[in-house]
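Join the two chains, each given in its own frame, into one complex according to the hints.
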Amino acid sequence: MVSTENYILPAKIVGLIFSLSLIFFDVGDSYSSIIFILIMLTIGIPHGSVDHIIAFINPNSRRFSSRFSFFSIYLVLIALNILVWVLSPFLGLFIFLLVSCYHFGETQVIGYNSTDNRLLNFVIGANILLSLFLNNIFELQEILVDFTFFSSLNLSSFENIFFLLISVAVLMMSVVYFDIRRKVPLYAELSILYLIFYHTDILTSFSIFFGFSHSLPMLLMEYQEMKEKSFFRFYLKTLPFTLLAVVFGLVLYYFNNNILTTDNLILFVFIIISSLTLPHVFIMKDFVNDK
Amino acid sequence: MNTLNFILGASLAPGDFTGFTFFIGSVSMLAATVFFLVQHGQVDKKFKDSMLVAALITGIAAVHYYYMRDQWAEGLGSPTELRYIDWILTVPLMVVEFALLTGVGMGKLFLASVVMLVTGYLGESGLAPVLPADLGWGLIAGLAYFWMAYEVGCLTLVGGPTGETGAALAKAGGKIPEAGKMLQRFVLVGWAIYPIGYMMGTDGWYSGLVAGIPFNMDVVYNIGDAINKIGFGMAVWYAAK
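Chains as they are written, first to last, in this note's numbering: chain A, 1 to 291; chain B, 1 to 241.
Because the hints were derived from the structure by calculation, they are not lab data.
Treat the hints with care, since some could be wrong.
[What the hints assert, rightly or not] Only pairs whose alpha carbons sit at most 30 Å apart, straight line, appear in this in silico BS3-like list of lysine-lysine: (1) A:Lys12 <-> B:Lys241; (2) A:Lys12 <-> B:Lys45; (3) B:Lys48 <-> B:Lys181; (4) B:Lys46 <-> A:Lys12; (5) B:Lys48 <-> A:Lys12; (6) B:Lys108 <-> B:Lys48.
Bear in mind the structure is a predicted one, so any value in this text is a computation, not a measurement.
Isolated chain B, as found in the complex (with noise of 0.2 Å):
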């Protein structure tokens, strides 16, 4: 037990449910990158990029969600560098599984998601007040994250369009077209938080309103980046076995 300590640094306090939701959160991720890793050696020599990946985004975020928790648990607050530094290196990598599964438009996915990133970090930091946090960067990094919804064919979903992934993700052989469905999902409706947890972030859009309700946003994260991030891994996975 006492290596265990060593390991995990700080202890959570008992009935600390956000300390908790970080824990299950690193763990999970963990045993998700162990999952697919071992099926990158089981699956077709097509899907293996896609497991790797897949191993690769949860490999990350449980390394992270780690810190975090011990973040957590010492009483430093929230770990809002932390999840950004896991955003910016795996929400990438989830967009390139569409690009991974079809072959096509990575180029536009890649764009999409460095607009939606940078221009989330500069209104969310306060570092170019140039532009309005909400009307300004919140919205540039909105339309990306629209723009890059739109490609991959989250918009059929409610019977709207499709780019070019998305057509490419239909037409697919296999059960490509059914993770497609998956994928799109996870992208339509569990991303949804990441918007909403900067809205509640950043000034002008509902932080007064939040400030009196005693909620925490990272439960809302810890739970959404864990369905996410697997959920994504696991999607890909039934397309590849």
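Chain A with its partners taken away, still in its complex shape (with noise of 0.2 Å):
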């Protein structure tokens, strides 16, 4: 049997290989709005797109009686985060951050600690987040122009350094706090990963986080689950929701763009994919749960 680790590495390979060719070849932010685009149709979106298999053939996760109940639960769940973002941003995007800190960290600590410590999960998964946030900060003042407690605080005396510090000072403590089975190789990871976030702009530091630390891991993961006999016709199965999360979007996108603007066009991103990824975190959940 292939183990986890086997199909992580190479996946974070990848991803580091194509992150150093944008920082070596200077490609700068003219091309993150496509690199995330390319990244969330091919890598992103599909690792959840399988949740409706994932949740039927894992052992730990058979937790719905029938499809019925598990897409209702699904849609439901998407549904009331649409709602919570319209009543109330800040609230919506405070359980963003909550869920997301927990299950990126989740994933991100396999092949170096058990999943059982909860804790742990959300402070990895929380450090990633802050580092993404703190080595981009400038920007995402610009990004939540509307939260204007956060857009207006005077950040100029500080240099962008100075976050890349910060970052790494909550790490090692972080690291050092938790008992952790292969601390050193999450630190040099994590480190690695800083650095990209440090010299590439938000979107496509996201999209490389998102695309090659998170998801392709999860979706060669996920490919192992399931048994396939080629990872062709694994891909194939992922193929329907990734169209019906993309035609999700667009709709969304049809009746708001009389309210989108550039400047709060990525917030709208994030709301779907907050959207999307609510229901997906509980099935990951039980799905890593062995890894």
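Set out below in structure tokens:
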């Protein structure tokens, strides 16, 4: 049997080579939207498009009596999330961050520790998002312009390097505090990730992390779990719900394009991602339980 | 050659010794990274993490030296910011090599490097004038460095005491004690260039004294960095092979 680690490492090395190429050839932020869209369509969304299969084949996550109950709960969670964003964007963002911290951290620790320590999962995910935001904080202020308490903060006296230092220091203290089986490799991988966050813009940083550190390893683990004859056959199974997710995004865009501007488009994209992420997190929590 | 020029960006001026040391730094770190990665597959399982960390240290440095060379060649001056990014990411990784070889002391070493880096940066950047750069932040950073040096047993080289990690290093099996001595020399002697550079770069120490000396601190950092980082990895490889 092929171990989980054997799938994770190649995926991350592909991401590292891709990221270093972007930095090395000084691609800058002119291609960030294209990189984001390509990664989301080919890796990001597909990794969540087989939840309806994973939820029924994984012995640890057979919590649904029927496919009807699965899809009902899944869609209700998506609708609830959108409702929260509409009623209170602040609460929507807060919930998205909490859920993302846990979800990203949980998959990040695979190969370095068991996923049983929920606080560790959350803290590692929080570290990653903290670094992503801190290393691109001036850009983030422009994106979150509607959150005036944050966007109006005067950070002009601080250099970018100060925020890198803070994120590395917090990471070191987190790694020291927790009992982790392979502490140093986890710290080393996150250091490389922070380097990428520092040198690329926020959208490219997120795309690289989400695509190659999170989604691609998960996609390969799902392929392993589903025992399909070839990766191509497995990938075909991800397509229907990938297309459905894209249609869902386009429908939301169509009904909201009168209020969307170039400034809040990224925020809008994040709302769609958060809506798709919420139910996916619960499925993945059970899926990674024994990894 | 055109392709090479595209990759290298700006060209170094003939006779630019400082720029040349940036170039040498970049390619030597890259070569060391490839070497450590190749050796990663050859060493015993218990040393694999150490070899990987050695490769990451030189890999991170290679990327930043490539940029530093470019910045220097374009006439944008000393690349202090890029140097700090490199140090912030690689110093903790170098420090944990001791813990990887011995299995003890990681918490203290991480804590000491956090204190050293944060207070050193606060002093040099002038962000927190609540303490003076020299006998305030500089002193704290220096104490953190000596705490680290004590912990890993560097002071035993001059007949001083040792911390938990240094003691474990001396008692370890195989070639680890010998490699440990090399690592301790790197920390005690090689790392001395960093506080010297800090003192030269901040007011209150020797900044007035060095102002009149036509000497570029970048050359010292570039050569010192290459020796320290590659040497660190080579010492670990020596223990592992």
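Hints, one by one, checked against the model:
no., hint, in the structure
1, A:Lys12 <-> B:Lys241, "holds, 27 Å"
2, A:Lys12 <-> B:Lys45, "holds, 21 Å"
3, B:Lys48 <-> B:Lys181, "holds, 20 Å"
4, B:Lys46 <-> A:Lys12, "holds, 22 Å"
5, B:Lys48 <-> A:Lys12, "holds, 18 Å"
6, B:Lys108 <-> B:Lys48, "holds, 23 Å"
In terms of the numbered hints stated before, the structure departs from none.
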